[in-house]
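Guided by the hints, dock chain B onto chain A, whose structure is given.
There are 2 protein chains.
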Amino acid sequence: MSNSYQSKLRSYLITKSLVPENQETPIHFIHGDIVSNRLFYRRSHFPYPRFASSFYSLPIEGLVHHPNVFSLQQIYSLPSKTIKVVLECSGNKRELFNPKVYGEQWGKGAISQGIWKGVPLRSLLAYTGLLETAKEIVFEGHDYGERTDSNQSHSFSRSLPIEKALDPDTIIAYEYNNQPIPFKHGFPLRLIVPGWYAMASVKWVKRIIVIDKEFKGPFQTVDYVYYPNKKNDSGKFPVTTINVNSTIKYPLNRKILHSGTYEIDGIAWTGNGHITKVEISFDGGQTWDPCQRTSSSVKNAWVCWKYKWEANKKGEYTILSKATDSKGNVQPLKPMWNRKGYGYNAIDRIKVNIE
Amino acid sequence: MSNSYQSKLRSYLITKSLVPENQETPIHFIHGDIVSNRLFYRRSHFPYPRFASSFYSLPIEGLVHHPNVFSLQQIYSLPSKTIKVVLECSGNKRELFNPKVYGEQWGKGAISQGIWKGVPLRSLLAYTGLLETAKEIVFEGHDYGERTDSNQSHSFSRSLPIEKALDPDTIIAYEYNNQPIPFKHGFPLRLIVPGWYAMASVKWVKRIIVIDKEFKGPFQTVDYVYYPNKKNDSGKFPVTTINVNSTIKYPLNRKILHSGTYEIDGIAWTGNGHITKVEISFDGGQTWDPCQRTSSSVKNAWVCWKYKWEANKKGEYTILSKATDSKGNVQPLKPMWNRKGYGYNAIDRIKVNIE
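For the protein sequence lines, the chains are A and B, in the order given. Per this note's numbering, the first sequence runs over residues 1 to 355. Per this note's numbering, the second sequence runs over residues 1 to 355.
Honestly, the hints are just simulated from the structure, not real lab data. Some hints here could point you the wrong way.
You can't tell identical chains apart in this list, so a pair holds if it fits in one copy or across any two.
Said to hold, decoys possible - Lysine to any residue pairs mimicking SDA-like chemistry, simulated, CA-CA at most 20 Å apart:
| # | residue 1 | residue 2 |
| --- | --- | --- |
| 1 | 117 | 311 |
| 2 | 8 | 51 |
| 3 | 351 | 104 |
| 4 | 230 | 253 |
| 5 | 255 | 310 |
| 6 | 8 | 36 |
| 7 | 255 | 95 |
| 8 | 84 | 100 |
| 9 | 277 | 104 |
| 10 | 255 | 96 |
| 11 | 216 | 63 |
| 12 | 8 | 234 |
| 13 | 351 | 95 |
| 14 | 100 | 349 |
| 15 | 277 | 263 |
| 16 | 314 | 232 |
| 17 | 184 | 260 |
| 18 | 351 | 98 |
| 19 | 100 | 253 |
| 20 | 255 | 46 |
These numbers were taken from a predicted model, which means no experiment stands behind them.
The following block holds chain A by itself, in its conformation from the complex (with noise of 0.2 Å):
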């Protein structure tokens, strides 16, 4: 952009609602791999808390051999651990589904990823141990507020099985991007769980909990819970691992454009290893063509990938792209259908008219 005007463009966070704030990242404006603080999506369940984060300290109790309170200044100076993660809605891309469900219609910026930088929680669990009974590890966020189904007060809470958060890259984060944790992304410390759809990804962490049952809270078993079927409840099971998925950033669905050659890009992530084959179709998905990485694929992360295309022929095109990952998963042409509109991962659709 040589006009200096042109300098002052910005693009800003999509607001879906201000209380709670639920606000989209422009997925189509985000380059490389990093998604600075002003353009990370929000998904907020209540009001921001209040606390005091001068007084913050973090209990671990229930069944472990010693509950301990950690201070911010214990968990600084343990050894860290840095990792970059994809955080994703499980409700990102829920606009698509067809028919329709309710729900913050996200489009496809409910997605997110960036450096996290913190303590392995079970750096912290080896401090206090296990009793041998315990089952899950409970974490209560400084959040809270009414549902819309009770008239009650919830905390926005949710548990993890032993193994999952034993695992050494479930990390109690206090930096992102080399910098504290921005408050509305959970500032001081918030629970990174690298592989899951984000609400297992705790903010504001007030306290952890060992119990030794499933944990039974609104936001395990009433949100956060695919139920395949409109009218009953039958077949529901939790949301848990990312899906394999894909997004094209450029260019924009229903966009017109020039003939010319153009640099189709975009942006494929799992839950499930790494991301092994991304894949691009201009036939409806008769043909695909593979498209280049531009980073590596590593686990946790999203790869970018491009694909150059002459478009020299006026008319309208579909554009489709379909991602593979290391466990053998694959985009499917359809997703499954929920009703509360979790983990749409079909394969990505946009269409462009060249004129």
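Chain B only, in chain A's frame:
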């Protein structure tokens, strides 16, 4: 919002493209009848123009008795007119057309309203006079660039028929909401054509030329034309007057709500006279209830309206809003489909789920 953190909540413009800059107003978060510069939608055809505003002047030439170049000082010193005006992009609500059309996928927020101050164009034309052969007046903007359908450079130029140009409400504006017009909205001079879709309100006016024929620029004869047929141009006619229309601002489409009492609210507007009635329906349009107007109904401005809704029964609701204007125009149940997606004004429709 009692919580001090909540004061940091902000809605932003929704970016459709950056070059040219096209950003939509999050219309659901607009309160009252004045939209601030920060939330004023941006609709650009080309990169922002560059010019030296210190040497700015406005020539009126062509079929006039006394061609003249008006300085900004001259324009500021003439008797002014101040009007509250709706500016609506003719592509507003384009994404709602079915079958879908190509072009920027505007939602419901390519509309804005504010107070414009300027000199009536007729006052300037009184100085220059008009030859008897004068038929149209062309307004050339400082913005220019290539179009997707040609490799030539075009400036953004539009014409008005003499009668509309001489309307006392058609002004050469220099203030928006009591401030100099923001650069992105046409500083220092913008033609404001109340009652017409906003493509007529040429920004950064560079030159005014009086001609004796129909102007044939591409933004007059290719774009901003209704093409009722997908495959050919038969039946085409130009986009001019704003259709009678309404938008439900609250609640948001596809929201899940608690049972309780809600104030549904929205806006209604028309380019034909003023709004006389806004009605709401909960049964798919079989019966209609009048809404309460919460702002006065004046020409060129939108009306704010509300409706108290007792949502005590759980279930899915479809809510429709329908406006009528003083010329007897009523929003239709279906929009007039057209290939480029202009003038969408079907009865507004949202769905909510009461839990």
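Subject >> Indices of hints not satisfied (ascending) >> reply: 1, 8, 9, 12 and 17
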